[in-house]
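Residue numbers (the numbering used here), protein chains in the order written: chain A, 1 to 416; chain B, 1 to 286.
Honestly, the hints are just simulated from the structure, not real lab data.
All values reported here derive from a predicted model rather than from experimental measurement.
Certain hints may be false.
Cut-off 30 Å, straight-line C-alpha distance, at most; resulting in silico cross-link-like pairs (DSS-like, lysine-lysine) [what the hints assert, rightly or not]:
{"hint": "1", "chain 1": "B", "residue 1": "268", "chain 2": "B", "residue 2": "50"}
{"hint": "2", "chain 1": "A", "residue 1": "108", "chain 2": "B", "residue 2": "138"}
{"hint": "3", "chain 1": "B", "residue 1": "269", "chain 2": "A", "residue 2": "108"}
{"hint": "4", "chain 1": "B", "residue 1": "50", "chain 2": "B", "residue 2": "138"}
{"hint": "5", "chain 1": "B", "residue 1": "117", "chain 2": "A", "residue 2": "98"}
{"hint": "6", "chain 1": "A", "residue 1": "110", "chain 2": "B", "residue 2": "38"}
{"hint": "7", "chain 1": "B", "residue 1": "268", "chain 2": "B", "residue 2": "38"}
{"hint": "8", "chain 1": "B", "residue 1": "268", "chain 2": "A", "residue 2": "115"}
{"hint": "9", "chain 1": "B", "residue 1": "268", "chain 2": "B", "residue 2": "71"}
{"hint": "10", "chain 1": "A", "residue 1": "294", "chain 2": "A", "residue 2": "309"}
{"hint": "11", "chain 1": "B", "residue 1": "71", "chain 2": "A", "residue 2": "115"}
{"hint": "12", "chain 1": "A", "residue 1": "371", "chain 2": "B", "residue 2": "269"}
{"hint": "13", "chain 1": "A", "residue 1": "164", "chain 2": "A", "residue 2": "294"}
{"hint": "14", "chain 1": "B", "residue 1": "138", "chain 2": "B", "residue 2": "269"}
{"hint": "15", "chain 1": "B", "residue 1": "117", "chain 2": "A", "residue 2": "115"}
{"hint": "16", "chain 1": "B", "residue 1": "48", "chain 2": "B", "residue 2": "38"}
{"hint": "17", "chain 1": "A", "residue 1": "115", "chain 2": "B", "residue 2": "50"}
{"hint": "18", "chain 1": "A", "residue 1": "164", "chain 2": "A", "residue 2": "329"}
{"hint": "19", "chain 1": "B", "residue 1": "150", "chain 2": "B", "residue 2": "38"}
{"hint": "20", "chain 1": "B", "residue 1": "48", "chain 2": "B", "residue 2": "150"}
{"hint": "21", "chain 1": "A", "residue 1": "115", "chain 2": "B", "residue 2": "38"}
{"hint": "22", "chain 1": "A", "residue 1": "309", "chain 2": "A", "residue 2": "164"}
{"hint": "23", "chain 1": "B", "residue 1": "150", "chain 2": "A", "residue 2": "115"}
{"hint": "24", "chain 1": "B", "residue 1": "117", "chain 2": "B", "residue 2": "269"}
{"hint": "25", "chain 1": "A", "residue 1": "164", "chain 2": "A", "residue 2": "371"}
{"hint": "26", "chain 1": "B", "residue 1": "269", "chain 2": "B", "residue 2": "150"}
{"hint": "27", "chain 1": "B", "residue 1": "38", "chain 2": "B", "residue 2": "269"}
{"hint": "28", "chain 1": "A", "residue 1": "309", "chain 2": "A", "residue 2": "276"}
{"hint": "29", "chain 1": "A", "residue 1": "110", "chain 2": "B", "residue 2": "117"}
{"hint": "30", "chain 1": "B", "residue 1": "50", "chain 2": "B", "residue 2": "117"}
{"hint": "31", "chain 1": "B", "residue 1": "117", "chain 2": "B", "residue 2": "268"}
{"hint": "32", "chain 1": "A", "residue 1": "283", "chain 2": "A", "residue 2": "371"}
{"hint": "33", "chain 1": "A", "residue 1": "98", "chain 2": "A", "residue 2": "115"}
{"hint": "34", "chain 1": "B", "residue 1": "71", "chain 2": "B", "residue 2": "38"}
{"hint": "35", "chain 1": "B", "residue 1": "38", "chain 2": "B", "residue 2": "50"}
{"hint": "36", "chain 1": "A", "residue 1": "371", "chain 2": "A", "residue 2": "276"}
{"hint": "37", "chain 1": "B", "residue 1": "50", "chain 2": "A", "residue 2": "283"}
{"hint": "38", "chain 1": "B", "residue 1": "150", "chain 2": "B", "residue 2": "268"}
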Amino acid sequence: MSDSSRKRSKWDEDEDEPPAAQPPPLKRRTKQKPAQDSPSATPPPQPSSVSRHPPHSHYVPPRTHHPPILPSRSVYCYERLNQIEEGSYGVVFRARDKQTGDIVALKKLKLDEEKNGFPITALREVNALMTCRHENVVGIREVVVGDTLTQVFVVMDFIEHDLKSLLTLMPSPFLQSEIKTLMHQLLSAVGHCHSNWILHRDLKTSNLLMNNRGTIKVADFGLARRYGDPVGVGGMTQLVVTLWYRAPEILLGAATYSTAVDMWSVGCIFAELILKEPLFQAKGEIELLAMIFKLLGAPTSNSWPEYSKLPLAKTISLPSPQPPQFRQKFQYLTAAGIDLLMSLLTYDPDRRITAEEALQHPYFTESPLPKHPDLFGSFPSAAAGEKKRALFSSPSAPARAADYKLLTDFDVPEFN
Amino acid sequence: MSTALYPLATFAQTQRTPSREDGIPEDLEEDLRAYGCKLVHQAGILLKQKQVAVASAQILFHRFWFVTSMKQFGIGDIGMGALYLASKLEECPLRMRDLINVYDLLLQRAAHPLGPKAHAAFAYAPMSYFGTTFYELKDALVVSEMQILKRLGFNVHVVLPYGTLINYLRVLGLTGEAAACTRAWGYLNDALQTPVYSLYPVPTIVSAAILLTTRHLQIPLPSEPPNCWWELFDAAWEDVWSVCGHIMRLYRARSAEETTRVVRLVNKKEVRRWLEERAEDGMNQN
Chain A
1 MSDSSRKRSK
11 WDEDEDEPPA
21 AQPPPLKRRT
31 KQKPAQDSPS
41 ATPPPQPSSV
51 SRHPPHSHYV
61 PPRTHHPPIL
71 PSRSVYCYER
81 LNQIEEGSYG
91 VVFRARDKQT
101 GDIVALKKLK
111 LDEEKNGFPI
121 TALREVNALM
131 TCRHENVVGI
141 REVVVGDTLT
151 QVFVVMDFIE
161 HDLKSLLTLM
171 PSPFLQSEIK
181 TLMHQLLSAV
191 GHCHSNWILH
201 RDLKTSNLLM
211 NNRGTIKVAD
221 FGLARRYGDP
231 VGVGGMTQLV
241 VTLWYRAPEI
251 LLGAATYSTA
261 VDMWSVGCIF
271 AELILKEPLF
281 QAKGEIELLA
291 MIFKLLGAPT
301 SNSWPEYSKL
311 PLAKTISLPS
321 PQPPQFRQKF
331 QYLTAAGIDL
341 LMSLLTYDPD
351 RRITAEEALQ
361 HPYFTESPLP
371 KHPDLFGSFP
381 SAAAGEKKRA
391 LFSSPSAPAR
401 AADYKLLTDF
411 DVPEFN
Chain B
1 MSTALYPLAT
11 FAQTQRTPSR
21 EDGIPEDLEE
31 DLRAYGCKLV
41 HQAGILLKQK
51 QVAVASAQIL
61 FHRFWFVTSM
71 KQFGIGDIGM
81 GALYLASKLE
91 ECPLRMRDLI
101 NVYDLLLQRA
111 AHPLGPKAHA
121 AFAYAPMSYF
131 GTTFYELKDA
141 LVVSEMQILK
151 RLGFNVHVVL
161 PYGTLINYLR
171 VLGLTGEAAA
181 CTRAWGYLND
191 ALQTPVYSLY
201 PVPTIVSAAI
211 LLTTRHLQIP
221 LPSEPPNCWW
231 ELFDAAWEDV
241 WSVCGHIMRL
251 YRARSAEETT
261 RVVRLVNKKE
271 VRRWLEERAE
281 DGMNQN
């Protein structure tokens with residue numbers, strides 16, 4: 001026993017303050033002494049208060065479980081290996097932790113042109129990642145800083161693939177059993193974010209990372225933000241979600257939106273996994289709406305009661321009513337699969353299925369059952385430089401909300 | 001919620017804060033912390049900012065002083081940075097200009113009784129259009145926001161106590177007593193001026209607020225050893241009592257010298273000068 005406690009105290013020493021004069025076990029006892037004295041001096045007296053504590057409840061973990069207040073480490077704790085990709089938000093590098101040898105992804109945040117201090121979008125991203133720790137959300141390890149205050153790097157677990165390039169590169173599409181596993185993982189991650197009051201707002205295949213052990217991780221929380229009850233306090237921007245995955249209520253200018261926008265994106269991803277190509281490959285919002293109307297049939301007062309109240313509904317001329325085309329488009333999907341897809345791609349955000357409900361959908365319990373992640377094949381990792389990366393073009397995520405005010409046009413802005 | 005735990009100071013950090021290492025006495029650090037939080041609170045009220053943002057700012061402010069010395073950064077600047085940062089975190093961002101103007105007013109007003117015109121009524125002198133005050137304050141604001149993030153390791157997760165208080169009062173059947181609810185709520189807000197939110201988990205702090213309330217209003221609750229109400233909330237008596245001590249120390253009478261001392265030491269230059277003078281005094285006495 002003394003051996004194990006000494007070992008733990010050695011750790012404490014390392015992390016807290018190396019030049020401590022006394023061994024911690026001694027200090028701990030000295031801490032409790034004055035604390036014991038004060039209650040005995042005051043009513044009501046607590047006989048033998050220290051020894052007899054009821055076990056902690058699940059909701060109140062002991063104080064020692066809380067993380068300490070620790071400053072950011074330096075980026076020089078990592079050794080840069082290769083560049084993975086560059087986006088509007090910054091550059092992503094592959095790097096090695098010099099201490100542990102772990103391979104990680106370093107995302108450098110762009111802070112050069114900030115007029116309003118640390119960008120709120122980057123804050124939201126870091127916060128969302130820290131709040132939503134989950135098996136299927138990319139793990140944030142820490143945030144490290146460079147020499148100047150403008151160099152900030154988010155350290156994340158390195159994941160070999162993103163689903164988008166995997167879909168374009170793999171010779172044959174995913175099997176139904178594999179799609180079920182992926183969808184189940186995606187839904188549990190999205191459900192976890194939603195239960196922690198986080199909207200992702202940019203779910204798409206290129207933001208889903210996948211490792212060689214059949215696990216996907218939701219990544220890139222650059223557009224994520226907290227939402228509250230009631231939704232939309234403080235105003236929320238309409239300029240969210242990459243066009244192809246954008247829900248109809250955002251397209252039609254709804255002032256408030258909620259978790260349902262993420263579920264629409266999940267529906268688009270589900271279809272993309274089946275089709276091996278994006279479901280709605282539209283060039284602009286009008287074309288996208290036309291494609292949605294074609295697949296789902298035009299919205300009616302029955303299927304979407306709120307439709308006519310949406311700000312932009314009057315500017316859109318609806319095509320003549322027609323039945324949904326899901327069966328024609330997805331010929332080999334089971335009835336349960338079609339039902340799940342239709343529940344995800346539902347016009348009315350209030351009636352769209354939630355992540356929790358979708359996880360209970362019969363699609364996941366009918367044959368073929370979800371494949372065990374360990375049975376997935378592995379692929380050469382483009383991000384690790386194992387194979388030359390194929391170039392693909394997909395529309396970039398909407399730029400920051402601040403830029404939205406500059407736009408008068410309804411068209412997608414082009415940012416370079 | 002158990003997945004994301006908020007950071008608390010380690011035992012070593014509570015024993016030796018960086019400010020105390022630099023020679024700032026414990027009571028002075030405590031007073032400076034409280035005064036910095038008062039400024040944050042006043043600025044929040046003048047800016048009509050939401051209480052969630054103000055409370056988060058005060059909690060971040062206290063955490064900061066467990067990893068940084070007051071010799072390196074002034075409580076005025078860091079308070080301003082904390083309020084700016086917390087407003088972003090709570091999705092109610094402030095305009096830099098508004099925050100800077102409000103802080104300028106607050107600092108001028110606080111310094112007025114110590115200045116040469118103390119006998120006259122206070123009149124705010126706006127910043128000169130061509131002056132450098134604004135830009136200096138703006139730089140200080142940007143730097144302090146970044147420093148708070150950096151020194152807290154970007155872990156700015158804050159859990160506020162208000163929801164917990166409501167639940168606990170409900171469990172104890174005290175929600176009918178308006179006086180008790182208001183008083184307990186007030187203790188939680190006052191506790192924001194003390195470092196307890198960086199020292200103890202929320203249930204302990206809420207239990208302390210309830211304990212102080214019920215003692216003051218003489219509401220009996222089961223407090224005999226087998227049935228202690230705070231154990232229902234996973235709080236240990238020593239911890240609850242210590243939080244009570246922190247809160248009650250805020251209300252102690254202070255000498256005129258103690259109150260002017262904190263106002264004078266709002267920025268780091270004054271803190272450094274104060275430390276130097278003290279060192280010289282010590283030399284002379286020897």
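Hints versus structure:
{"no.": "1", "hint": "B:268 - B:50", "in the structure": "holds, 29 Å"}
{"no.": "2", "hint": "A:108 - B:138", "in the structure": "holds, 25 Å"}
{"no.": "3", "hint": "B:269 - A:108", "in the structure": "violated, 34 Å"}
{"no.": "4", "hint": "B:50 - B:138", "in the structure": "holds, 22 Å"}
{"no.": "5", "hint": "B:117 - A:98", "in the structure": "violated, 60 Å"}
{"no.": "6", "hint": "A:110 - B:38", "in the structure": "violated, 34 Å"}
{"no.": "7", "hint": "B:268 - B:38", "in the structure": "holds, 18 Å"}
{"no.": "8", "hint": "B:268 - A:115", "in the structure": "holds, 25 Å"}
{"no.": "9", "hint": "B:268 - B:71", "in the structure": "holds, 6 Å"}
{"no.": "10", "hint": "A:294 - A:309", "in the structure": "holds, 21 Å"}
{"no.": "11", "hint": "B:71 - A:115", "in the structure": "holds, 28 Å"}
{"no.": "12", "hint": "A:371 - B:269", "in the structure": "violated, 65 Å"}
{"no.": "13", "hint": "A:164 - A:294", "in the structure": "holds, 25 Å"}
{"no.": "14", "hint": "B:138 - B:269", "in the structure": "holds, 17 Å"}
{"no.": "15", "hint": "B:117 - A:115", "in the structure": "violated, 37 Å"}
{"no.": "16", "hint": "B:48 - B:38", "in the structure": "holds, 15 Å"}
{"no.": "17", "hint": "A:115 - B:50", "in the structure": "holds, 23 Å"}
{"no.": "18", "hint": "A:164 - A:329", "in the structure": "holds, 21 Å"}
{"no.": "19", "hint": "B:150 - B:38", "in the structure": "holds, 24 Å"}
{"no.": "20", "hint": "B:48 - B:150", "in the structure": "holds, 28 Å"}
{"no.": "21", "hint": "A:115 - B:38", "in the structure": "holds, 28 Å"}
{"no.": "22", "hint": "A:309 - A:164", "in the structure": "violated, 36 Å"}
{"no.": "23", "hint": "B:150 - A:115", "in the structure": "holds, 19 Å"}
{"no.": "24", "hint": "B:117 - B:269", "in the structure": "holds, 23 Å"}
{"no.": "25", "hint": "A:164 - A:371", "in the structure": "holds, 20 Å"}
{"no.": "26", "hint": "B:269 - B:150", "in the structure": "holds, 22 Å"}
{"no.": "27", "hint": "B:38 - B:269", "in the structure": "holds, 20 Å"}
{"no.": "28", "hint": "A:309 - A:276", "in the structure": "violated, 36 Å"}
{"no.": "29", "hint": "A:110 - B:117", "in the structure": "violated, 47 Å"}
{"no.": "30", "hint": "B:50 - B:117", "in the structure": "violated, 35 Å"}
{"no.": "31", "hint": "B:117 - B:268", "in the structure": "holds, 24 Å"}
{"no.": "32", "hint": "A:283 - A:371", "in the structure": "violated, 35 Å"}
{"no.": "33", "hint": "A:98 - A:115", "in the structure": "violated, 34 Å"}
{"no.": "34", "hint": "B:71 - B:38", "in the structure": "holds, 20 Å"}
{"no.": "35", "hint": "B:38 - B:50", "in the structure": "holds, 15 Å"}
{"no.": "36", "hint": "A:371 - A:276", "in the structure": "holds, 18 Å"}
{"no.": "37", "hint": "B:50 - A:283", "in the structure": "violated, 41 Å"}
{"no.": "38", "hint": "B:150 - B:268", "in the structure": "holds, 19 Å"}
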